[in-house]
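Enquirer: Work out the full structure, taking the sequences as your base and the hints as a guide.
Top line first, the protein sequences correspond to chains A and B. Going by the numbering used here, 271 is the number at position 270 of the first sequence; the sequence numbering is gapless. Going by the numbering used here, 309 is the number at position 308 of the second sequence; the sequence numbering is gapless.
Keep in mind that a hint or two might mislead.
What the hints assert, rightly or not - The list that follows gives simulated cross-link-like pairs (lysine to any residue, SDA-like), each with its CA atoms no further than 25 Å apart:
no.	chain 1	residue 1	chain 2	residue 2
1	B	LYS185	B	PRO291
2	B	LYS66	A	GLU302
3	B	LYS221	B	GLU106
4	A	LYS136	A	ASP195
5	A	LYS38	A	VAL7
6	A	LYS10	B	SER117
7	B	LYS111	A	ASP91
8	B	LYS185	B	GLU262
9	A	LYS49	A	GLY97
10	A	LYS287	B	ASP241
11	B	LYS66	A	THR11
12	A	LYS233	B	GLU95
13	B	LYS30	A	PHE121
14	B	LYS136	A	ASN52
15	A	LYS231	B	LYS265
16	A	LYS120	B	GLU95
17	B	LYS265	A	GLY97
18	A	LYS120	B	ALA48
19	B	LYS120	A	SER24
20	A	LYS10	B	LEU62
21	B	LYS245	B	HIS273
22	A	LYS287	B	GLY97
23	A	LYS49	B	GLY65
24	B	LYS32	B	SER78
25	A	LYS233	B	PRO299
26	A	LYS221	A	GLU266
27	A	LYS231	B	THR301
28	A	LYS66	B	GLY97
29	A	LYS287	B	LYS237
30	B	LYS287	B	SER297
31	A	LYS233	A	LEU300
32	A	LYS10	B	ASP144
33	A	LYS231	B	GLU284
34	A	LYS10	B	GLY65
35	B	LYS287	A	GLU226
36	A	LYS265	B	HIS273
Claimed, not checked - Taking CB as the label site, the calculated pair distances span:
no.	chain 1	residue 1	chain 2	residue 2	range
37	B	GLU50	A	LYS231	12 to 22 Å
38	A	SER234	B	GLY65	47 to 57 Å
39	A	LYS30	B	GLY65	25 to 35 Å
40	A	ASP267	B	HIS317	35 to 45 Å
In short, the hints are calculated from the structure, not lab data. For each residue, glycine too, the CB sits at the ideal point set by N, CA and C.
Protein chains: 2
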Amino acid sequence: MKKKAVSIKTIAANLNISVTTVSFVLNGKAKEKHISKLLTQKVLDYAKEVNYRPNQIAQSLRTGKSNLLVFMVEDISNSFFSKLARIIEDIAYEEGYKVIFCSNENDDEKSNDLISLFKFRQADGFIIVPSPGIKSTIQELIDENIPVVLLDRYFPDLDCNSVVIDNNEATFKATSHLIQNGFKNIGFITTDSDQTQMQDRLLGYEKAIEESSLNRHVLKIPYNETSNGKSKSAIKSFIDEHKKLDAVFFATNYLTRSGLEVLKEDAPHLIHEFGIITFDDNELFKIYNPTITAVSQPLTEISTELMKLLLPLLKHEVVKEERVKNVLVQAELIIRESSGAKKLVKSQF
Amino acid sequence: MKKKAVSIKTIAANLNISVTTVSFVLNGKAKEKHISKLLTQKVLDYAKEVNYRPNQIAQSLRTGKSNLLVFMVEDISNSFFSKLARIIEDIAYEEGYKVIFCSNENDDEKSNDLISLFKFRQADGFIIVPSPGIKSTIQELIDENIPVVLLDRYFPDLDCNSVVIDNNEATFKATSHLIQNGFKNIGFITTDSDQTQMQDRLLGYEKAIEESSLNRHVLKIPYNETSNGKSKSAIKSFIDEHKKLDAVFFATNYLTRSGLEVLKEDAPHLIHEFGIITFDDNELFKIYNPTITAVSQPLTEISTELMKLLLPLLKHEVVKEERVKNVLVQAELIIRESSGAKKLVKSQF
DNA sequence: TGTATAAGCTAAATCGATTTAGTATGTTTG
DNA sequence: CAAACATACTAAATCGATTTAGCTTATACA
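Expert: What follows is the structure, encoded as structure tokens:
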């Protein structure tokens, strides 16, 4: 039933020439290898006629290159990551690479499993949102000269290419913006993760709070209790216990979701009074009521920076001296009603 | 620099035995092939010691199996698809398969490119959201005995496994629900695609409208004009021109987004009067104001049904007679304020 | 004692490409 | 005219696994 695909061998046999010749022609080395124009054309025509496609598996085995990139994120169904995936997929495709996506759930064992797996699948390069404890695995990849770029978070004492948002600056600006709009007791709702992205977000918030001599109100939800239900009850207690709160800053998109649910369900009157800022924009925030101010991560810029680091590594075009680059991308604060602009907007109606 | 990975050959050399023996042992065929217990253990111990991992590329070349599945959707950054991707990734992983995701943009050329590409990469199976004109490509896959399952839409006259939502029933129920709640002029905003999923959604709407002898109000936005901006102006004109409209049904999640933007921007007073139903739920709909009634596609059920069809095909466990199955999954109507429940809910405050 | 059968192991072909190191001509050139 | 070089092409090794066919030696059975 399954008819065998055309191989270089069948072409050679049918044209009564050697596989070497066929290979040279199909790899564009005809000139260099002194294959006559006549024969070259004959091979090309025939290959076209039978719709020859090289078997990439065989190619990979021989060359050690697979043209596969791995894009490993925390959770591919998180829209921040799936939107990045889409852009990266397109860029990679144009450069002749295919992308395998996978989710590590920020779990070290799963990360290590996946990395080792794709290493043995000859993945040519990795874009990784690292889980907390895989520094040594990343170091191994680097030692083995396998191209890696870290995304979203990094290891401060590891020399590895990375593209991350300037989290510190982003939360500093956003918090300062709340302060300027008159909010005095700003809660910061985050996870207890000690990974860089969360630490930096906290630092930016704290810096702004200190500069204005305000009080710090921080809720750290244990990372393994960030399911919607558990987050909601934690946030609820936090709001209940901090009567003075007049604003909240959610440090991740999933915390925002839980937080908005809490406000909607338990304090619908507060939602228009509270200052609200969230990390990561969402298509619906600009039409929510109130519209929600968000720290927006520039998806296209992040993706292109990632590929700008990765592609030269893949092509071995990298000068040793500038091997490691850490790109810091600035986030954008999209100001909407929820951070104080609401009074203004309301009066427009 | 790049140290070579352990191969079966180095193991054989280091233990002074043949690669054949090593291969037999590592494939669990020691008994069957009469390899002594002593030697078997020696090989296993040594393989463990040097952390041997088979080169999957070589394995693929030899066996013709790659353990790769392709999950081709319209757009992986659409949350319906990325959420499915996440579940499928997990199921596949447990069965020893890796998944390559890709977006075809509902474009035939891109679909064909990608399919042909992964065919030559020896993908073991395909889950495909087909673009309109790739029936013959799918037929080819089937003819070549390559496992395929279609998702979300199908070709009525093609004998191919598929898992789709009962679109017709879903929109029928949802529309009937609006009618029961007293809405009399229900607009249906869809694309001009003639693919099954969109046709069936329209049919369900029309059936409900006819049963109640109401007037049909349909807006078909050309598929290539579904960018947010163009959709918005089309929807705006539609609402402006149909003064009698008291409800709208959005047939896809991206049309809902545009539609809600239009309502928010141009008719904020209408948003609480209008009946609104949308295809595909969104995490924020339950806390939107008003909360939005949605036709929710059961992601886990769809994913498991897909894999229930695909896995036996991959393992060649399929009896000829029951080769083709078309699974119809029922959607769930999640009733919220926007479809008329609002009066009730409002009175609770 | 002779022969079948089992036990224990291996050589070599194979998958489909790439690439090195040729061979056999033809053409220049000093 | 012989050495040097260019042209046109190919045999065979290689990547790392799997698998068929077979080769010894040991044991069983009649």
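Enquirer: Next, verify each hint and record whether it holds.
Expert: Going down the list of hints, with the structure as the test:
Our distance criterion of 25 Å between C-alpha atoms is met by LYS185 of chain B and PRO291 of chain B, whose separation comes to about 20 Å. Taking the CA atoms of LYS66 of chain B and GLU302 of chain A, the gap is about 38 Å. The hint is violated against a cut of 25 Å. A hinted pair counts as satisfied when its Cα atoms are at most 25 Å apart, and LYS221 of chain B with GLU106 of chain B qualifies at roughly 19 Å. A C-alpha spacing of about 14 Å is found between LYS136 of chain A and ASP195 of chain A, which places the hinted pair at or below 25 Å, so the restraint holds.
At most 25 Å may separate the alpha-carbon atoms for a hinted pair to count; LYS38 of chain A and VAL7 of chain A meet this at roughly 23 Å. For a cut-off of 25 Å, the pair hint linking LYS10 of chain A to SER117 of chain B stands: about 20 Å separates their Cα positions. Of the pairs offered as hints, the one joining LYS111 of chain B and ASP91 of chain A holds, with about 11 Å between alpha carbons and a cut-off of 25 Å not exceeded. Distance restraint check for LYS185 of chain B and GLU262 of chain B: the Cα-Cα separation of roughly 23 Å lies within the 25 Å cut-off, and the hinted pair is therefore satisfied.
With a C-alpha separation of about 20 Å, the suggested pair LYS49 of chain A and GLY97 of chain A falls inside the 25 Å cut-off, and the hint holds. Taking the CA atoms of LYS287 of chain A and ASP241 of chain B, the gap is about 22 Å. The hint holds against a cut of 25 Å. The straight-line distance between the Cα atoms of LYS66 of chain B and THR11 of chain A is roughly 21 Å, inside the 25 Å bound, and the hint therefore holds. Distance hint between LYS233 of chain A and GLU95 of chain B is unfulfilled; the C-alpha atoms sit about 31 Å from each other, more than 25 Å.
A C-alpha spacing of about 23 Å is found between LYS30 of chain B and PHE121 of chain A, which places the hinted pair at or below 25 Å, so the restraint holds. For a cut-off of 25 Å, the pair hint linking LYS136 of chain B to ASN52 of chain A stands: about 20 Å separates their Cα positions. Distance restraint check for LYS231 of chain A and LYS265 of chain B: the Cα-Cα separation of roughly 32 Å exceeds the 25 Å cut-off, and the hinted pair is therefore not satisfied. Under the criterion of a C-alpha separation no larger than 25 Å, the hint pairing LYS120 of chain A with GLU95 of chain B is consistent with the structure, at around 19 Å.
Restraint check for LYS265 of chain B and GLY97 of chain A: not satisfied, since their Cα atoms lie roughly 43 Å apart, outside the 25 Å limit. Taking the CA atoms of LYS120 of chain A and ALA48 of chain B, the gap is near 18 Å; set against the 25 Å cutoff, the hint holds. Under the criterion of a C-alpha separation no larger than 25 Å, the hint pairing LYS120 of chain B with SER24 of chain A is consistent with the structure, at around 21 Å. About 15 Å separates the Cα atoms of LYS10 of chain A and LEU62 of chain B, which keeps this hinted pair within 25 Å; it holds.
Of the supplied pair hints, the one linking LYS245 of chain B and HIS273 of chain B holds, its CA atoms being roughly 16 Å apart against a limit of 25 Å. Restraint check for LYS287 of chain A and GLY97 of chain B: not satisfied, since their Cα atoms lie roughly 42 Å apart, outside the 25 Å limit. A distance of roughly 24 Å separates the Cα atoms of LYS49 of chain A and GLY65 of chain B; the hinted pair therefore holds under the 25 Å criterion. For the proposed pair LYS32 of chain B and SER78 of chain B, the alpha carbon gap of about 50 Å is over 25 Å, so the pair is violated.
With a C-alpha separation of about 24 Å, the suggested pair LYS233 of chain A and PRO299 of chain B falls inside the 25 Å cut-off, and the hint holds. Distance restraint check for LYS221 of chain A and GLU266 of chain A: the Cα-Cα separation of roughly 22 Å lies within the 25 Å cut-off, and the hinted pair is therefore satisfied. Distance check on the hinted pair: LYS231 of chain A and THR301 of chain B sit about 22 Å apart at the alpha-carbon level, within 25 Å; holds. A hinted pair counts as satisfied when its Cα atoms are at most 25 Å apart, and LYS66 of chain A with GLY97 of chain B qualifies at roughly 22 Å.
Restraint check: the Cα-Cα separation between LYS287 of chain A and LYS237 of chain B comes to about 18 Å, which is no more than 25 Å; the hinted pair holds. Using a Cα cut-off of 25 Å, the hinted pair LYS287 of chain B and SER297 of chain B holds, with the two alpha carbons roughly 12 Å apart. For the proposed pair LYS233 of chain A and LEU300 of chain A, the alpha carbon gap of about 28 Å is over 25 Å, so the pair is violated. Straight-line distance between C-alpha atoms of LYS10 of chain A and ASP144 of chain B comes to about 24 Å, which keeps the hinted pair within the 25 Å bound.
Taking the CA atoms of LYS231 of chain A and GLU284 of chain B, the gap is about 16 Å. The hint holds against a cut of 25 Å. Taking the CA atoms of LYS10 of chain A and GLY65 of chain B, the gap is near 17 Å; set against the 25 Å cutoff, the hint holds. At roughly 22 Å between alpha-carbon atoms, LYS287 of chain B and GLU226 of chain A fall within 25 Å of each other, so this suggested pair holds. Of the pairs offered as hints, the one joining LYS265 of chain A and HIS273 of chain B holds, with about 16 Å between alpha carbons and a cut-off of 25 Å not exceeded.
At roughly 43 Å, the beta carbons of GLU50 of chain B and LYS231 of chain A sit outside the given window of 12 to 22 Å. Remark: the range hint 47 to 57 Å for SER234 of chain A to GLY65 of chain B is upheld by a beta-carbon distance near 53 Å. Distance hint for LYS30 of chain A and GLY65 of chain B: a CB-CB separation of about 29 Å, consistent with the stated range 25 to 35 Å. In this structure the hint that ASP267 of chain A and HIS317 of chain B lie 35 to 45 Å apart at CB is violated, the actual value being about 55 Å.
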